[in-house]
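Undergrad: Chains as they are written, first to last, in the numbering used here: chain Y, 150 to 500; chain W, 2 to 258; chain X, 62 to 140.
I should point out that these hints are in silico values taken from the structure, not numbers from a laboratory.
Cβ atoms here follow ideal geometry from the backbone N, Cα and C, with glycine treated the same way.
Any given hint could be a false lead.
[What the hints assert, rightly or not] Restraint ranges, calculated between C-beta atoms of paired labels, are given here:
1. Pro-88(X) - Gly-130(W): 44 to 50 Å
2. Gly-156(W) - Ser-484(Y): 52 to 58 Å
3. Ala-335(Y) - Pro-147(W): 55 to 61 Å
Listed below, chain by chain, are the residues.
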Amino acid sequence: MKQLMTGNDAMAEAAIQAGCRYYFGYPITPQNEFTAYMARRMPQVGGVFIQSESEIAAINMVMGAAAAGGRAMTSSSSPGISLKQEGISYIAGDQLPAVILNVMRGGPGLGNIAPAQGDYFQATRGGGHGDYRCIVLAPSTVQEGTELIQDAFDLADKYRNPVLILSDGRMGQMMEPVEFKPRPKAEMPPKDYILTGKKGRERRIIRSLYLKEPELEAWNKIIQEKLMKIEENEVRYETRMVEDADLVLIGYGTCARNSKEAMRTLREKGRKVGVFRPITLWPFPYTALSEVVKKARAALVVEMSAGQMVEDVYLAVKDTRPIFFYGRMGGQVPSATEIVQKAEKIFTEKL
Amino acid sequence: MQTTKSHPKSLFPVSTHYCAGCGHGIAHRLIAEALDELGVQDRTIGVAPVGCAVLMYNYIDVDTIEAAHGRAPATATGLKRVRPDCIVFTYQGDGDLAAIGTAEIIHAANRGEHFTTIFLNNAIYGMTGGQMAPTTLVDQKTETTPYGRKPSNEGFPIKACEMLATLDAPYYIERVSVATPAKIRRAKKAIFKAFNYQVEERGFTFVEVISTCPTNWGMSPPDAMKWSVEHMEKVFPLGVFRDKGAEKDRTETGADK
Amino acid sequence: MPETKKPYIEIVTDRCKGCELCISACPKDCIELDTSVVNAKGVNPAKYVGGCIGCGSCMLICPDVCIELYKEEKIQKSA
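Construct the complete structure from the given sequences, taking the supplied hints into account.
TA: Written out as structure tokens, the structure reads:
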């Protein structure tokens, strides 16, 4: 049965249905509905909700809960996610599972509370100190948000790695029909690392401190090998009408929605346009994107930023095809009309 | 002939990396003895700090996680909420607890989280080489207060027990010292009591241990112990700041009436 | 009544860091640094020289848990 819900509420409910029983968060707009939903629902399902004293405390509570074997998450918006980076680095260094939702807003600094995509670099390059990556999932509809947040818990447990979901102020606030589909229980590796007290077994230590250089390098190699497995197995993307496209629009999240709308308008005008939408921003679909763009004549990257994902598109396509960029900042969303105009300009002047 | 004191089971019989005469070793032993006496070693989770005691898990034989600097109370909150049957403790120094982690300790205490914090206060940063701590005394010289701590520039030492005792939730708060055998006996009782209250699921328990840093203070260990008594205890008086268990006992036995 | 043996201590000298806290804590001057020995830590470890009264002060203050005290348990029943 479908119900009309905001992105924040729907994703919170989906997290509960995915077995999340420990939520720690600190208020920040535009993700507050998520926290409030958790505050209402956790007591109903026997879970734990704590409004923490800061985003820093929240992510460290997630770390403790994950170390004890709980399915734990936190959510925030851009400035708060910056504060969480220390904890995310420790979680990655400890190889613990965690799910973090970023309902992105305008930046830098305090910015504003309007939707933005300026946190792409922070999300996909690690964000905190040291060599690590978060798995980064970018839904473009409320329905997909509910499914990806559920996948996020499984991915986090499967790889013992933090998983970040990039939503934005618009995705969080808009209402769409959602259906919570029953999911088959995924088979997960045993949690043979969690702290429960050492009764009946060797005691366990969860740490990221390795004072001897060879030991720390060896630990880093274990993490890197895991990340390579994720790159091999977990790349996700969606394509629309790219087979015969001259121009491929590339966008994620909210920008993918508007790019699809622009594509329909352009197709009606006879322009052969397709859309490539990365769903995992890390691992980024380099190979798939490269193949798609090589079949076309050019690509247009659309972002709510000064141009961040476009660097990954360059890494994928290299100089085989011209890459154009259209971005808005400050909480401005590139409209379908603007994307159409930009595409028309490319068709008339560049191709 | 019997030994009255054998090495605690919860403490590995190894040499520590601490400097000669460092109070961490004494505090570690008192924790291990408390865990042994309560029989909870097998269900205890320690949260190691950043600082000299970061390698605590090399000495105390319990499941352990290492927290980020100052964040141990938040990490312990997560652990204890998932494993209420486990005995969870944080072990924190003065920089960790009273500078970078001030928010975390105050709010964990204010929520009345059911874990125990052992707070080692030696008025200086040890591991990083002797910088000013939030608990450094006025006029005390450190690497970063080379002319002595001046209240006009650095403010006054922070009193963690007094600060936490302004909150309603904490169940037990006591400040002890490890400077003399008699004080260590008192410290042992306090640490035992804190863990015992946790076993009884009473609430947040906190023991501040006045300790020394002979290396960074530039004193011999016996002189450092004397200095801690003569100077630190003036600023950080020993004693019980909160004991709801004792209040409860008094009420129940009518001793207050 | 069995003969009561005098208490004594044993020092695990390889863990001793020579901090002298036991020496300062002992009320009977029973411990001194053994200047004839340099242990693996490169210090003169503490040495028991006799006269222990079994108070346990050295054991309590030793940060490195190097000291074991031996004395007969007093069994007293107040009943």
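Undergrad: Looking back at the hints listed earlier, which ones does the structure fail to meet?
TA: 1
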